[in-house]
Amino acid sequence: MSVFLIICLIPWAVFFTIQLLYLVLALKMTKKDTSIRKDIEESKMSILVPAYNEAKVLASCFTGFQNLDYKNFELILINDGSDDETMKLLVDLLDLKEELLLAKDKLAYNPVIRTFVSATYPHVKVLDKVNGGKADALNAGADYASGDIIITLDADSILQKNALTHINEAMQDPNVIAGGGKVHVGQMYKESKPSFKGNGLTRYQLSDYMLSFYVKRFVQSKFGVVSVVSGAFGAFKAFALYEAGGYKKTIGEDMEITLRMQQLIKNTYTKGKLVFVPKAECYTEVPGDFKSLSKQRVRWQKGFIDALKMYHKGKVEKLGFKLVFFIFIDSLLPGVAGIFTTAFLAYGFITATVSDLTLLLLAMTAVLQITQRVGSYVVSNRYGHAYPKFDYFKITLFSAIELVSYRLLDAYYFLYGSMAYVLEREHTWNKLERTGIVSIYPTEPTISTPLPLVGALPIKEVAMEIAAVITPTPDFQEEPETVPELLQELVTKTVLDPIEDLVAEVSQESFHAAQGDEQRMNLH
Numbered sequence: 001m002s003v004f005l006i007i008c009l010i011p012w013a014v015f016f017t018i019q020l021l022y023l024v025l026a027l028k029m030t031k032k033d034t035s036i037r038k039d040i041e042e043s044k045m046s047i048l049v050p051a052y053n054e055a056k057v058l059a060s061c062f063t064g065f066q067n068l069d070y071k072n073f074e075l076i077l078i079n080d081g082s083d084d085e086t087m088k089l090l091v092d093l094l095d096l097k098e099e100l101l102l103a104k105d106k107l108a109y110n111p112v113i114r115t116f117v118s119a120t121y122p123h124v125k126v127l128d129k130v131n132g133g134k135a136d137a138l139n140a141g142a143d144y145a146s147g148d149i150i151i152t153l154d155a156d157s158i159l160q161k162n163a164l165t166h167i168n169e170a171m172q173d174p175n176v177i178a179g180g181g182k183v184h185v186g187q188m189y190k191e192s193k194p195s196f197k198g199n200g201l202t203r204y205q206l207s208d209y210m211l212s213f214y215v216k217r218f219v220q221s222k223f224g225v226v227s228v229v230s231g232a233f234g235a236f237k238a239f240a241l242y243e244a245g246g247y248k249k250t251i252g253e254d255m256e257i258t259l260r261m262q263q264l265i266k267n268t269y270t271k272g273k274l275v276f277v278p279k280a281e282c283y284t285e286v287p288g289d290f291k292s293l294s295k296q297r298v299r300w301q302k303g304f305i306d307a308l309k310m311y312h313k314g315k316v317e318k319l320g321f322k323l324v325f326f327i328f329i330d331s332l333l334p335g336v337a338g339i340f341t342t343a344f345l346a347y348g349f350i351t352a353t354v355s356d357l358t359l360l361l362l363a364m365t366a367v368l369q370i371t372q373r374v375g376s377y378v379v380s381n382r383y384g385h386a387y388p389k390f391d392y393f394k395i396t397l398f399s400a401i402e403l404v405s406y407r408l409l410d411a412y413y414f415l416y417g418s419m420a421y422v423l424e425r426e427h428t429w430n431k432l433e434r435t436g437i438v439s440i441y442p443t444e445p446t447i448s449t450p451l452p453l454v455g456a457l458p459i460k461e462v463a464m465e466i467a468a469v470i471t472p473t474p475d476f477q478e479e480p481e482t483v484p485e486l487l488q489e490l491v492t493k494t495v496l497d498p499i500e501d502l503v504a505e506v507s508q509e510s511f512h513a514a515q516g517d518e519q520r521m522n523l524h
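Each residue of the sequence shown is one higher than the one before, counting from 1 in the UniProt record's numbering.
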C-alpha cells in the first residue's frame, strides 16, 4: 500500500463515517409530522425583503404573503437603489404614500432616501435607499423593524402558507435566538405539490437542496452546529440581531451572520440555540442554466472563504471546536477530496495503477452518497412532500448518473471559487438574473377570509400591471460558452436524454399496474 494512499485513507475514513452518521441520524430522528399548532399566541414579526432589480419576481413574492395564515406581521420591502422598474411597481401596486418612518439607529447602512407606507395595506412599508448590497439593505430593514422576530427573505422566496406559524412555534423556546426554514426548488413544485419532472440541472440542484436541508441541516441543528442560516429564509430574535451588530458587508452574509450568532451563543447566551425548522418552508428560483449556476456556486465558495477569513486565529476558538470541526467536514473536506479524487483517478487510469482497494473505497463512497440522496427524499416524505413511488426509482437512477456528471462540477466550483477569491482584488455579488417562472399558488387566492395585511391584494390586477411593464423573456438555449456548459450539453445528449426516454418507456408500460401505488399523498 502506497504512502499516498495511507495518507488519503485517514481523511476518507473520517469523511465516510460522518456522512454515514448524517444519514442514519436523519432517518432515525425524523418522524412523520405535518401537524400545525395554532393555539400559540402570534409574536410580532417583521419580514424583510431586500430588492435590487427584482421587478420580475415581486408579484410571486406578494402571492406568498397573500396566502399566509399568520396575521401579526409587517412587511418591509427595501429597494436597494434599483435601476429597473422595481420602485415604480412598488409605488403603483401598493399605492405607496411617502411618510416619515423612524429608525432605531442601532445598525449601520447607506442612507435611506425616502420611506413609504401603503395606503391600502398599512402594514406594508417600503424603504428607498442608496445601493449598498444585500447586507446593507437588510441592516436598513432591521433598523426600521418593530417586530420581536425578524424574518429575512430573498425577493424570489415564496412562503408556504403555514411557514410563519411554524417559525413562531420554534421561537417560543426562549433559548432559540435564530433559525431557518426549508428552502425548496420552486421549479419542481406546482401549487405546492412536488414533482421530479425537470431537466437534469434542476434535478441536480433539487437533490442538493434535499440533502443539505433534510439530512445535514436537520442533524446539525440537533447537535448545535448550524453554520448557515439560509439567506433565502432566515429568522432571528430581534435583540440577538441587534446585539450581533447586524450584517457585515461580505458576499457570504448569511454564513457570516450565522457564525456571529454562534459566537454570541459561545460568549454570552451559553444556552442559546440555532435551529432548523423543517416544517417552515419557502420556495425559491434556482439557476436554470450552467452559466447562472456557475455564478451562484462560485459566489458561495467565495462567501465561505470570506466568512472564515473574518475568524482568524484567536476568533476560531470562540466558535468552539465542535462547530469548526463540522465546518471542516462539510464545507472544506468534500471540495478538497473531490479535486484529489478526480486527479488521482485520472492519473491512475492513464498509468493503470489504480488498486483494488482504491476502487473498493470509491464504490463504498458512491453507494453511500446515492443512499444519502435517496434518504433525503424519504425524510421529505415524512414532512408531507411525497413523490409517486415510481419517482423514487428515477431519483435513485439519477443519483447514480449525477455522480459521474453533474457532481464533478462541485470540485470545479470549489477550485475556481477559491482561486478567484485569492486572485481577484474586488469581490462583487455577481447577481443572478431572475426569470420569475416559479408559481406555487393558484392565480386566485384559495383562502376565503382576507388577511389584514395583503388579504385583498388583487392578484389578477397585479399580474396585469406587471405584464404591462415587463415583457416576459422567452426561454432560449444559449450557445455553450464555458466548460460547465459544454459538459452539460455532452451529458444531456449522450447520457441523460437516452436514459430519460428509457425511463419514460418503462413508466408507460408499468403505469396501469403501478397506478394504485403511485397516488400522491395529500399535503398538509
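Note that these hints are calculated values from the structure, not bench results. Any given hint could turn out to be false.
[As the list claims (entries may be wrong)] Taking lysine to aspartate or glutamate and the DMTMM-like style, the derived pairs with C-alpha atoms no more than 20 Å apart in a straight line are:
(1) 295 x 143
(2) 291 x 391
(3) 431 x 83
(4) 104 x 208
[What the hints assert, rightly or not] The calculated label-pair distances, taken between Cβ atoms and stated as ranges, are:
(5) 120 x 367: 52 to 60 Å
(6) 334 x 191: 33 to 41 Å
(7) 269 x 199: 23 to 31 Å
(8) 343 x 10: 27 to 35 Å
(9) 33 x 199: 49 to 57 Å
Just so it is clear, CB atoms sit at the ideal spot from N, CA and C, and this is done for glycine as well.
Verification of the supplied hints:
1. 295 x 143: Violated, at roughly 30 Å.
2. 291 x 391: Distance of about 28 Å is beyond 20 Å: violated.
3. 431 x 83: Distance of about 14 Å is within 20 Å: holds.
4. 104 x 208: Judged against 20 Å, a Cα distance of about 39 Å means the pair is violated.
5. 120 x 367: 52 to 60 Å: Holds, since residue 120 and residue 367 (Cβ atoms, about 57 Å apart) stay within the stated range.
6. 334 x 191: 33 to 41 Å: Since the Cβ atoms of residue 334 and residue 191 sit about 35 Å apart, the hinted range of 33 to 41 Å holds.
7. 269 x 199: 23 to 31 Å: violated, 45 Å
8. 343 x 10: 27 to 35 Å: With a Cβ separation near 18 Å, residue 343 and residue 10 fall outside 27 to 35 Å, so the hint is violated.
9. 33 x 199: 49 to 57 Å: This hint is violated: roughly 32 Å between Cβ atoms.
Violated hints, in rising order: 1, 2, 4, 7, 8, 9; the structure is consistent with all others.
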